[in-house]
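Chemist: Chain by chain, the residues run as shown.
2 protein chains.
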Amino acid sequence: EEKGADNVQLTNPLPSWNEGKTKASIIEFIEKSTDKNSPTFVPEEDRIACFDNDGTLWSEKPFYFQLFYIIDRVKATADQHPEWKNTQPYKAILENDLAQLKKTDVHQLLELVQNTLAGSTPAEYKEMVKAWMATAQHPTKHKRFDQLVYQPMLELLDYLRANGYKTYIVSGGGVDFMRATLTNVYGIPSEQIIGSSLKTKFNSENGNYSITRLPKIGFIDDKDGKPLNINTIIGKKPTFCAGNSDGDLPMMQWTSSQGDKAFMLYVHHTDVKREWAYDRNSSVGRLNKGLDQALKDGWTIADMKDDWKVIYPFELKK
Amino acid sequence: EEKGADNVQLTNPLPSWNEGKTKASIIEFIEKSTDKNSPTFVPEEDRIACFDNDGTLWSEKPFYFQLFYIIDRVKATADQHPEWKNTQPYKAILENDLAQLKKTDVHQLLELVQNTLAGSTPAEYKEMVKAWMATAQHPTKHKRFDQLVYQPMLELLDYLRANGYKTYIVSGGGVDFMRATLTNVYGIPSEQIIGSSLKTKFNSENGNYSITRLPKIGFIDDKDGKPLNINTIIGKKPTFCAGNSDGDLPMMQWTSSQGDKAFMLYVHHTDVKREWAYDRNSSVGRLNKGLDQALKDGWTIADMKDDWKVIYPFELKK
Ligand SMILES: [Ca+2]
Ligand SMILES: [Ca+2]
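Protein chains in written order, with this note's numbering: chain A, 1 to 318; chain B, 1 to 318.
Among the clues, some could well be false.
The list cannot tell twin chains apart, which means a pair is met if one copy fits it or any two copies do.
Taking lysine to any residue and the SDA-like style, the derived pairs with C-alpha atoms no more than 25 Å apart in a straight line are [as the list claims (entries may be wrong)]:
1. K85 to K305
2. K236 to D158
3. K23 to N96
4. K201 to I220
5. K199 to S256
6. K199 to I217
7. K61 to N12
8. K32 to I217
9. K216 to F68
10. K91 to K305
11. K199 to D224
12. K236 to L154
13. K126 to E19
14. K103 to P39
15. K32 to L94
16. K201 to Q293
17. K261 to K309
18. K223 to N203
The set of hints was computed from the structure by calculation and includes no laboratory data.
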């Protein structure tokens, strides 16, 4: 559970960020937004900070991590679905054909495969995802997926919360998947995680009451869906947002309409050695129009190679 | 903005509730749910309390108060819509024909009339509603509508929050209407108000970014919609809920599946003198199946006549 502002000034905020323009601009913004004498002061109840997840708070290569969960579930239940051997994208999954999988539109893929896996209650799904996260390994980093979160962004979340900001995840990923695995990692409670969701159904049978997930997409929390969901669910316009791809651009644009009271941060994947380097031509996490507008409008761009001392928490010196 | 638990024991919680079984059962529940040594202890992050609004936190007779706003808006803009003189329900509104209006299904009415009034931005709509609330008067009580909130329920909200509960409104009313008018009255921020909503659209033109409300219902937050919305938006099952009609029954049932850790409260309108008396046969706020189940399953029923010392804040002795 996050804490409200205690007017705590962290003596050394953002320790994993290198000194420089990016770090300085973040600190300057936070200090001015919490200073009652500043023209850009924001009252605490309006300090809403929205973060994309994949590629912004944790890695997303070679694929969104949720897809590895889906792949493992498909493989684990393939015995009950002999037809999958001849049906895409299941065939590609069962044959480890990543090249074929990459040809499929990712949202289509998520929809198709989530359909197959629906029907469980949210509680059952949560337990399955948690059990998977405790053991599954990233194929090239050889770490648990929840170890591949960005240490500098964890520090940014803490810094914002210490200054009275309410931190939200607003991500295209499945809301139930994120709630099951990321609440403790990020210090963000379920009710501050907004994501894509399946339609659901309320069941009432013989005094037993439950909700089940239906094989139908309820909402895709991407592109225009991000500001629309923020408006419907939070009912306030953020003054701080962070993303890494063109899917975040409408959220960034809407936030930017707060003028000098708003801060827009793009995480730019520039570190081919410690993480991955990609932007305009990537199928996962493409940053093209967003990069143009960030450069044109002077939004802040975090250069992972230059601005971050470490990428992941396990790189920290003990 | 609500505060987290400070382990504050109010010396006299619920002062406007008469001593008796109802008040005692509420206090006993809260004390046990916050006592680490109790078998029904609930950790603070899971203390989710959901309240219906119309008829639970404020009055709803002769009609949901939002309808008075809609009526006033229809009258104010009738000049621009000559066709309304011959189209229901506008005709009935313009002719003050309450008998005809009561024949219309309320949700249909809300949909139809909200459609007419859509198109503005959420910010513009908010200002219109706030201006209306500051001056409009209830037709028989001759008070502003936001003065017709229930003092005992305000105290219950405070008492829950003082014990670490996060209080939510989960109502069939329009979410933008409630956010514009009720946040300060109840001490509940926008992001903890869940309601019915219109579909919305993100606009991006020449560097101007906005969201507009479309003339189409996005979600009706009533009946099964209440537990489904709580699950999607909060992602946790409440342990406390309060309502006053059959529209709250699925939320009550779902909450009750927490067993001894759950508290279900029905507000029963029994006070013909100070408020209104109605239940099984009322078109607005019908309480029939819900009353049966509350009696059968031993849920708590607040009898407004017997359990409440005052109904409204303005009745309090100065
Ligand atoms: Ca992303
Ligand atoms: Ca009600």
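Chemist: Now tell me if each hint is right for this structure.
Modeler: To see whether the hints hold, each was checked on the structure:
When the C-alpha separation of K85 and K305 is checked against a cutoff of 25 Å, the pair qualifies neither within a copy, at 42 Å, nor between copies, at 67 Å. For the homomeric pair K236 and D158, the shortest alpha-carbon distances inside one copy (21 Å) and between copies (23 Å) are both at most 25 Å. When the C-alpha separation of K23 and N96 is checked against a cutoff of 25 Å, the pair qualifies neither within a copy, at 41 Å, nor between copies, at 62 Å. In this assembly of identical chains, the alpha carbons of K201 and I220 lie at most 25 Å apart whether taken from the same copy (18 Å) or from different copies (14 Å).
Taking the shortest alpha-carbon separations for K199 and S256, only the inter-copy value of 22 Å comes in at or below 25 Å, while the best intra-copy value is 31 Å. Within a single copy, K199 and I217 get their C-alpha atoms as close as 6 Å, and across copies as close as 16 Å, so both meet the 25 Å cut-off. For the identical chains of this complex, K61 and N12 are neighbours neither inside a copy (31 Å) nor across copies (57 Å), given an alpha-carbon limit of 25 Å. In the homo-oligomer, the alpha carbons of K32 and I217 never lie at most 25 Å apart, since the shortest distance is 41 Å inside one protomer and 40 Å across protomers.
When the C-alpha separation of K216 and F68 is checked against a cutoff of 25 Å, the pair qualifies only within one copy, where the shortest distance is 21 Å, while the shortest distance between copies is 37 Å. In the homo-oligomer, the alpha carbons of K91 and K305 never lie at most 25 Å apart, since the shortest distance is 38 Å inside one protomer and 66 Å across protomers. For a Cα distance limit of 25 Å, the shortest separation of K199 from D224 qualifies both inside one copy, at 19 Å, and across copies, at 12 Å. Taking the closest pair of Cα atoms, K236 and L154 come within 25 Å of each other both inside a single copy (23 Å) and across two copies (24 Å).
With identical chains, the CA atoms of K126 and E19 are never at most 25 Å apart, being 40 Å at best within one copy and 43 Å at best between copies. With identical chains, the CA atoms of K103 and P39 are never at most 25 Å apart, being 49 Å at best within one copy and 53 Å at best between copies. For a Cα distance limit of 25 Å, the shortest separation of K32 from L94 qualifies neither inside one copy, at 53 Å, nor across copies, at 51 Å. Taking the shortest alpha-carbon separations for K201 and Q293, only the inter-copy value of 21 Å comes in at or below 25 Å, while the best intra-copy value is 41 Å.
In this homomeric assembly, K261 and K309 never come within 25 Å of each other (Cα to Cα): the closest approach is 28 Å inside a single copy and 47 Å across copies. For the homomeric pair K223 and N203, the shortest alpha-carbon distance between copies (12 Å) is at most 25 Å, but the shortest distance inside one copy (32 Å) is not.
Violation of the numbered hints given earlier is confined to hints 1, 3, 7, 8, 10, 13, 14, 15 and 17; the remaining hints are satisfied by the structure.
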